[in-house]
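Let chain S serve as the given structure and place chains P, E and H with the ligands on it in line with the hints.
Residue numbers (my numbering), protein chains in the order written: chain S, 1 to 596; chain P, 1 to 596; chain E, 1 to 288; chain H, 1 to 288.
Where hints are given, some of them may not hold.
Simulated crosslink set (DSS-like; lysine-lysine; CA at most 27 Å straight-line) [claimed, not checked]:
no., chain 1, residue 1, chain 2, residue 2
1, E, K215, P, K39
2, S, K162, S, K39
3, H, K215, H, K141
4, P, K162, E, K215
5, E, K14, P, K39
6, E, K141, P, K166
7, E, K215, E, K129
8, E, K141, P, K162
9, H, K129, S, K166
10, S, K166, H, K141
11, H, K129, S, K39
12, E, K129, E, K14
13, H, K215, S, K134
14, H, K14, S, K39
15, E, K141, P, K165
16, H, K141, S, K162
17, H, K141, S, K39
18, E, K129, P, K165
19, P, K162, P, K39
20, E, K141, P, K39
21, P, K134, E, K129
22, P, K134, P, K166
23, S, K162, H, K129
24, H, K141, S, K165
25, H, K129, S, K165
26, H, K129, H, K141
27, P, K166, E, K14
Calculated directly from the structure, the hints in this document are not laboratory data.
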Amino acid sequence: MTSELVIGMAGAGGDGIVSAGESLIAAAAVEGYHAVLTKSFGSQIRGGESSCRLRISVDPILNPGGILDVAVAFNWDDFLRFGAELPVGGRTIVLYESATGVAPDRVPLAGIVLAEVRPVPIGQMAREAAGTEKAKNTVVLGLLAGWFGIAPDAILGGLRRKLAKKGAEVVEANDRAFSAGLRHAEGNPLAVPRRLEPSRPSTSAKLLADGNDMCAAGAIFAGCEFFGGYPITPSTEIMQFLGRELWRYGGAVLQAEDEIAGLGAVVGASFAGRKAMTATSGPGMSLKTEMLGLATIAELPLVCVNVQRGGPSTGIPTKSEQADLFQAVFSAHGDAVRPVLAPTSVADTFTVTVEAFNIAEEYQTPVIVLSDQEIAQRKETVDSIDTSRLRVVDRRRPTAADLEDYARFRLTESGISPLSQPGLEGGNYLASGIEHTERGAPTASGEMHARMNEKRLRKLDPLKDREDLFEVEGPRDAPIGLVAWGSLAGAAREARLLAAAEGLKVKLLVPRLLYPVAERVYDSFFRSVRSGLVIEQSHQGQLHRVLRMFVDLPRGVEAFSRSGANPIRPEEILDRVRQRAMALQRVREDELQPQE
Amino acid sequence: MTSELVIGMAGAGGDGIVSAGESLIAAAAVEGYHAVLTKSFGSQIRGGESSCRLRISVDPILNPGGILDVAVAFNWDDFLRFGAELPVGGRTIVLYESATGVAPDRVPLAGIVLAEVRPVPIGQMAREAAGTEKAKNTVVLGLLAGWFGIAPDAILGGLRRKLAKKGAEVVEANDRAFSAGLRHAEGNPLAVPRRLEPSRPSTSAKLLADGNDMCAAGAIFAGCEFFGGYPITPSTEIMQFLGRELWRYGGAVLQAEDEIAGLGAVVGASFAGRKAMTATSGPGMSLKTEMLGLATIAELPLVCVNVQRGGPSTGIPTKSEQADLFQAVFSAHGDAVRPVLAPTSVADTFTVTVEAFNIAEEYQTPVIVLSDQEIAQRKETVDSIDTSRLRVVDRRRPTAADLEDYARFRLTESGISPLSQPGLEGGNYLASGIEHTERGAPTASGEMHARMNEKRLRKLDPLKDREDLFEVEGPRDAPIGLVAWGSLAGAAREARLLAAAEGLKVKLLVPRLLYPVAERVYDSFFRSVRSGLVIEQSHQGQLHRVLRMFVDLPRGVEAFSRSGANPIRPEEILDRVRQRAMALQRVREDELQPQE
Amino acid sequence: MSTTTFTRFRSDLKPIWCPGCGDFGVVQAIYRALAAVGRPPHEIAFVSGIGCSSRIPGYTTAYGFNSVHGRALPIAQGIKLANPDLLVLVAGGDGDGFSIGGGHVPHAVRRNLDLTYIVMDNQIYGLTKGQLSPTSPRGLKTVTSAYGSLEDPVNPLLYVLAYGAGFVAQGTPADMGGLAAVIEEAIRFPGFAFVNVQSPCVTFGPAEAQLRAHKAQMQRLADVGHDPSDRLAAMALAQRYGEALHTGVFFRDPAPRPTYEAAVRDRQATLGNQAPSRARILEAFAPR
Amino acid sequence: MSTTTFTRFRSDLKPIWCPGCGDFGVVQAIYRALAAVGRPPHEIAFVSGIGCSSRIPGYTTAYGFNSVHGRALPIAQGIKLANPDLLVLVAGGDGDGFSIGGGHVPHAVRRNLDLTYIVMDNQIYGLTKGQLSPTSPRGLKTVTSAYGSLEDPVNPLLYVLAYGAGFVAQGTPADMGGLAAVIEEAIRFPGFAFVNVQSPCVTFGPAEAQLRAHKAQMQRLADVGHDPSDRLAAMALAQRYGEALHTGVFFRDPAPRPTYEAAVRDRQATLGNQAPSRARILEAFAPR
Ligand SMILES: Cc1ncc(C[n+]2csc(CCOP(=O)(O)OP(=O)(O)O)c2C)c(N)n1
Ligand SMILES: Cc1ncc(C[n+]2csc(CCOP(=O)(O)OP(=O)(O)O)c2C)c(N)n1
Ligand code: SF4
Ligand code: SF4
Ligand SMILES: [Mg+2]
Ligand SMILES: [Mg+2]
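Chain S extracted, bound-state conformation:
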């Protein structure tokens, strides 16, 4: 029995790899397992190669996992195309289409001694059982259920529901294909059985969603009433979800002619008093730069989600990267500061999006949510979230007293000025991107400019004390400190647990607020740290640089970062932690040497 399995499958476009993965994770969720499903496609829109990896476990999961337990190759060319995304190793059991004619001792996985290799006449079984190769993926589901004991009934139930509309024949043919796989597995047991433990009665009902779903749901929860945007991979699903749902709540969704217009409409909706949001990815963010600056100086609340992908420019639209942090923080011209938040998991994307709306409304500022393709598009089981603990904040509107002598940009102590909206009598004002007086009149006065800049920045200071937007794991006095954000937080959490299990004293800081930099939070985290890593999926290690701007990092703290489309794995982090622990060890020993 094993407490978890990592399964990877790859094949041609028509093989139904992804829908097989979907069936597995749906079944896993129903059965109360924890699971993560990541998909990967070739660049072809259709008919190209595709793959997925499913990690399924009886315990909570922090990331998609590393080396595969089970590798399924519908054909070898396509399987190999995904290289590092489907890593095999000594513990991997390989199932593949025997029609490929490859001998078990000849599988093209150079120099790896595999746990077991099982050629299976998948296509043939599908034809015989269901009369069509289309059923190949169902056969494979049967094999997996049989050999690894993954929820047969739940899988079959799901398949039946899915196929119901296609009619009885299809359903029955599919049943036959599934049991063919099941029987084949039972008839040819593995040399060393590796069955998944039954799931633990889960404390809380599970949800099944991806990061983009959770972002859209968070927006709805937070009271979003308007979305304006333009399609772009990998963020489009947010607009698509809201395009189905938002109308129900009296809201509207506008697919605009471009990103500038999408954000422009959001700015207009916010000016008119509605909570509003847009979502995009790198190229769209670049286009929104000017409009974001307008929202900053006009002090209008809005949420702008950037689901990061590989850059620069069009880059690699289908892969994940964390290289848009510099842009999120610094793209505006002039002295403009806007809050930047980053979710660290699928579930997190919900609460971070709610928080983004709250901060936007409270401080009357655009807020940027930096998600990434990895979180946004991976499907995951989520313990249901206790939403009763979440606040929903609304912008401060002018009181009757304020309206007696209304000044939209009044220089208040907090820097926050009551915000009126069209329709409200007595609140009439001129919003503008031109520097303005307290009453909104255009000005070229350097003195007023300085005061308004100061106000617009000062109002955000309280954010630097939002410790609740940071997570610290591990012993407070650990000499080794890790910092990780976004999707890499999962890998870092796992690495820290592994390190702790090895007795290494390591702690981890996971910021959800990336900017403004909460100096005090970092100072206290680094107080005990003599060696550390800022772990990022970008060539430049962007957060590490941004932290240096505001925090005096201990000498031994460096970036562990590399370009996207090649995720940093927990084992890699663990390696580096080990090295650092040993280095510290050596230093300590030197210190203990008697000086002659």
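Relative to chain S, chains P, E and H with the ligands alone:
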């Protein structure tokens, strides 16, 4: 006799304030004086208030200067509107229109004991001498020539040339107005005469230009063949200059429909093998963000000038600020690094622009030139530049050998790959914003992505050793170090000289290359430094933050920065230097205390 | 109408336009039209981009938004969608609307929200001191076209007609009555309405584009017997933009299309009653 | 024509379009047209934006530029101005050209550089997997319009005619001969030429916009007796975009306007002989 004069004038739109200033500086230039003219207008396009300040000296000048020697008020309301831009003090001699009815002991300059106050019936004299109030500014020129001995013949000569086309009557009327002013001055000498020394026979012929002129001229010198842009204050004069000149050299200028198209055309022209440039200001820079990213990944040379103005958003279009550094460096999504240069004076704008083209062509990258309104629009006498010392670099084109097996993005040792262009047989390739292989084929490979990112950044490393792009003034071992860039370099240079004159040990580092950060240059500069200032015209002190990212600044080094539209003056810098010198003094004394 | 209602729409911000600028006439005409329409200022949102003309919202007592160059229409559409009860005016220059903002016009028109878009067409870039504008006549010499422009001008009227706008008109401050009238009619039109105003730039504008010339050239469409219900005929007339100066209504859709916000309201109504509470949105992800 | 010249324009990059995508036909037609025109690949610059259709330059042996979404035309104009001897092709999708890129089209047309612009109009966003495009019919249900689109579509043909283009045509891979012919004619036309290609997206496109439907609907303009020298008539026909499928030439200017690059060359010639050496540019600032 005085070696220099600072003259400030203000009045209504029709008063011809600025043309009077132009006449003065033209005469100054002809006579071989050093002079700087800055203009300032109200927000009104026409008919609003306007002002100018002229600093004229027998010695080289580093900045527009501070307290006025001579203040000319055509009317008091307009004069006072310019507040800090026309600072009066104890040494100021005030001339004003007596028709304002203000008594000499009642001039509205609260609490200042002025050197001298001279009401003059300017309008009346103009009417009497020339029959029109239009001649008021000529009367004032006569007064200034008479009282302060500023090149009467050169002024009059210039005026005559200017008015020639308007016919003999106008010229004669103008002559009368001028001599009326001259005679009034001679007839009513100042209590304490303050005449300008004759100019020194200047070593080299002088030029008269502003920063935008110099930028355009630099582009032409560097071989620019295409300009594409969109009008925006305060950069438009660059396009206007090139629109008159570039055609002569077989080049072309395109006023595009927006900034994106302007830069797009520049990218196209560069792809087609021409040296190309655009110029804009903050809002335009924001719109160009995506297209700049394309140029970075397609590795196409181009120069993008940002003449900074007050931000964020539309901000204060007519005033200077240095708050676009973050954007220049970090606006792109993805891991994109592009060189950023900043001129420090009008003359400098020429050489920095030439250097920008050289770097763009050599490294196949967009280069950003961060000018600012202060430098760009102030007119200044410039010692003619020895252009024979300047290099002009061309992009590396493929050799016959390269073409035998051409790979546009070949991973060479230097990171620079020969760049072909349409029309060249055998050099055909696909340029794209998508991540690509060495041969330009689209790829989603994480491994190739990492190598291309590394290549695109590595190729710029040599820039970090370009010490010639940095200027250091003052003793190498000075404990106090200043850093200043752009138009503030002038104020800092002047402050350092004043400090040195007081015997303070201060040095100054002026970077023309702002990014990538030349770590070694800063490290060696700061080695001796125990206290210092990074002096900037931005609320956040942006260069100070950028330096912190890469350089371990000594504890005592802080930002001295404030929002734009209110330039930091040499005296303010000197003050802070004095304080720091004293602080260090105290520390040293403490150290010398016998320890008990 | 009584001047009280008239002055109700004038703010205390003093216009900084050059003496004689055509935009003074435009803002006057807008005051009149608004007074006639009779909505109170706080129920009006007035959006513009950047330019001399785009300063106009600040000179009214409506909720104003002097936004960024070329983006007034997207912002205005967001406002109208957020609160369809508002009267939403949009205004700006020829450059703001047909150069940098030109990409937004066809989409605003085809969506057909009930907006009134007023362009102050002076065939020049005023605020930036006299560069070519998209409507500048071919050959015009300006600071950015020292030897004359090489481009045929944009044709705002023909473009917007081709985009399918339900109301397209032109006016000039040379005829204040006519100008106020078309603006009022545009505001009352249910759907996207466009008014091109020949509004002279006295400081930088072409000599042929000044009030005197307008008075001479002007031809009222009413007088030339044009049928405003015929889009093709309107297009034929509009092709003469630049040579002739026709004022009045080029096209008025006899059967106005339903507005976008109307369709949105229907959709909100039909789907609204299926709405779970926002607090229960996560239930959408329960596995089955 | 000989297949050698034909294959000369096909690159060794394997198209990743879905099997059956209309764009296969378009690239074939372009190979044919280029072979007929006979310029060598290295004298051709082929610019596109982003989209399935925008991958097309990579499948030719010309100098290709697969740029960013919606910006192909500005880049192409820079190329043509930099080197007027090149044959410059521009291509992309309906979204690339008339949504995000729509603001550049009128200006490219009025400048009238000698470019050929081919839009693969599939009434959908293909690369991003099936969202609404500006040419999607009203009411179309897509992933971004679950309950149907609320907007009237853009009309590429009518727009470009209104912008004043000298050559406007439409084709479909359902008629390869006709498609190759109009593309060839567009390339040979001296000035800005526009070809709208109804190029089906078999994976996400509307059912009515597939080859079978095209074959059924298609009407050759030659057969309906349309006079391609009459712009207004062409506009009248173009108004039927979306209901009818007319192929062939809508408008061909019988007296083509001079091109922009020609005017640029004249100017360079006249001013060129007054040129001081670049090295002496600073003399411009000598005080007098
Ligand atoms: C993004 C951006 N680009 C350029 C500018 C500079 N700019 C301000 S107004 C304007 C054009 C003004 O012309 P028009 O729109 O016709 O208005 P007018 O002043 O003539 O009324 C320009 C180019 C800007 N403010 N923002
Ligand atoms: C600035 C920017 N916004 C959005 C995208 C995402 N995107 C890529 S192609 C495309 C539209 C594709 O539709 P179309 O232009 O019609 O081309 P098709 O794929 O249908 O041929 C979009 C929205 C992008 N790459 N860049
Ligand atoms: S510059 Fe022209 S448009 Fe601007 S205010 Fe003056 S006259 Fe009017
Ligand atoms: S998605 Fe549509 S447009 Fe794109 S390749 Fe496939 S069929 Fe062609
Ligand atoms: Mg204008
Ligand atoms: Mg399309």
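Verification of the hints:
Of the pairs offered as hints, the one joining E/K215 and P/K39 is violated, with about 38 Å between alpha carbons and a cut-off of 27 Å exceeded. Under the criterion of a C-alpha separation no larger than 27 Å, the hint pairing S/K162 with S/K39 is consistent with the structure, at around 20 Å. For the hint linking H/K215 to H/K141, the alpha-carbon distance of about 24 Å falls within 27 Å, and the restraint holds. As the CA atoms of P/K162 and E/K215 are separated by approximately 36 Å, the hinted pair breaks the 27 Å bound.
As the CA atoms of E/K14 and P/K39 are separated by approximately 24 Å, the hinted pair is consistent with the 27 Å bound. Straight-line distance between C-alpha atoms of E/K141 and P/K166 comes to about 22 Å, which keeps the hinted pair within the 27 Å bound. Of the pairs offered as hints, the one joining E/K215 and E/K129 holds, with about 25 Å between alpha carbons and a cut-off of 27 Å not exceeded. Using a Cα cut-off of 27 Å, the hinted pair E/K141 and P/K162 holds, with the two alpha carbons roughly 22 Å apart.
For a cut-off of 27 Å, the pair hint linking H/K129 to S/K166 stands: about 24 Å separates their Cα positions. Distance check on the hinted pair: S/K166 and H/K141 sit about 22 Å apart at the alpha-carbon level, within 27 Å; holds. With a CA separation close to 16 Å, the supplied pair H/K129 and S/K39 stays within the 27 Å bound. Distance restraint check for E/K129 and E/K14: the Cα-Cα separation of roughly 21 Å lies within the 27 Å cut-off, and the hinted pair is therefore satisfied.
As the CA atoms of H/K215 and S/K134 are separated by approximately 31 Å, the hinted pair breaks the 27 Å bound. At most 27 Å may separate the alpha-carbon atoms for a hinted pair to count; H/K14 and S/K39 meet this at roughly 24 Å. With a C-alpha separation of about 20 Å, the suggested pair E/K141 and P/K165 falls inside the 27 Å cut-off, and the hint holds. A hinted pair counts as satisfied when its Cα atoms are at most 27 Å apart, and H/K141 with S/K162 qualifies at roughly 22 Å.
Under the criterion of a C-alpha separation no larger than 27 Å, the hint pairing H/K141 with S/K39 is consistent with the structure, at around 26 Å. At roughly 24 Å between alpha-carbon atoms, E/K129 and P/K165 fall within 27 Å of each other, so this suggested pair holds. About 20 Å separates the Cα atoms of P/K162 and P/K39, which keeps this hinted pair within 27 Å; it holds. Taking the CA atoms of E/K141 and P/K39, the gap is near 26 Å; set against the 27 Å cutoff, the hint holds.
Of the supplied pair hints, the one linking P/K134 and E/K129 holds, its CA atoms being roughly 23 Å apart against a limit of 27 Å. Restraint check: the Cα-Cα separation between P/K134 and P/K166 comes to about 14 Å, which is no more than 27 Å; the hinted pair holds. Of the pairs offered as hints, the one joining S/K162 and H/K129 holds, with about 22 Å between alpha carbons and a cut-off of 27 Å not exceeded. For the suggested pair H/K141 and S/K165, the alpha carbons sit about 20 Å apart, so the restraint of at most 27 Å is met.
Simply put, H/K129 and S/K165 have alpha-carbon atoms about 24 Å apart, close enough for the 27 Å limit, and the pair holds. Proposed proximity of H/K129 and H/K141 is supported: the alpha carbons are some 13 Å apart, at most 27 Å. The suggested pairing of P/K166 with E/K14 is violated, with an alpha-carbon distance near 35 Å, which exceeds 27 Å.
Comparing the model with each numbered hint stated earlier shows that hints 1, 4, 13, 27 do not hold.
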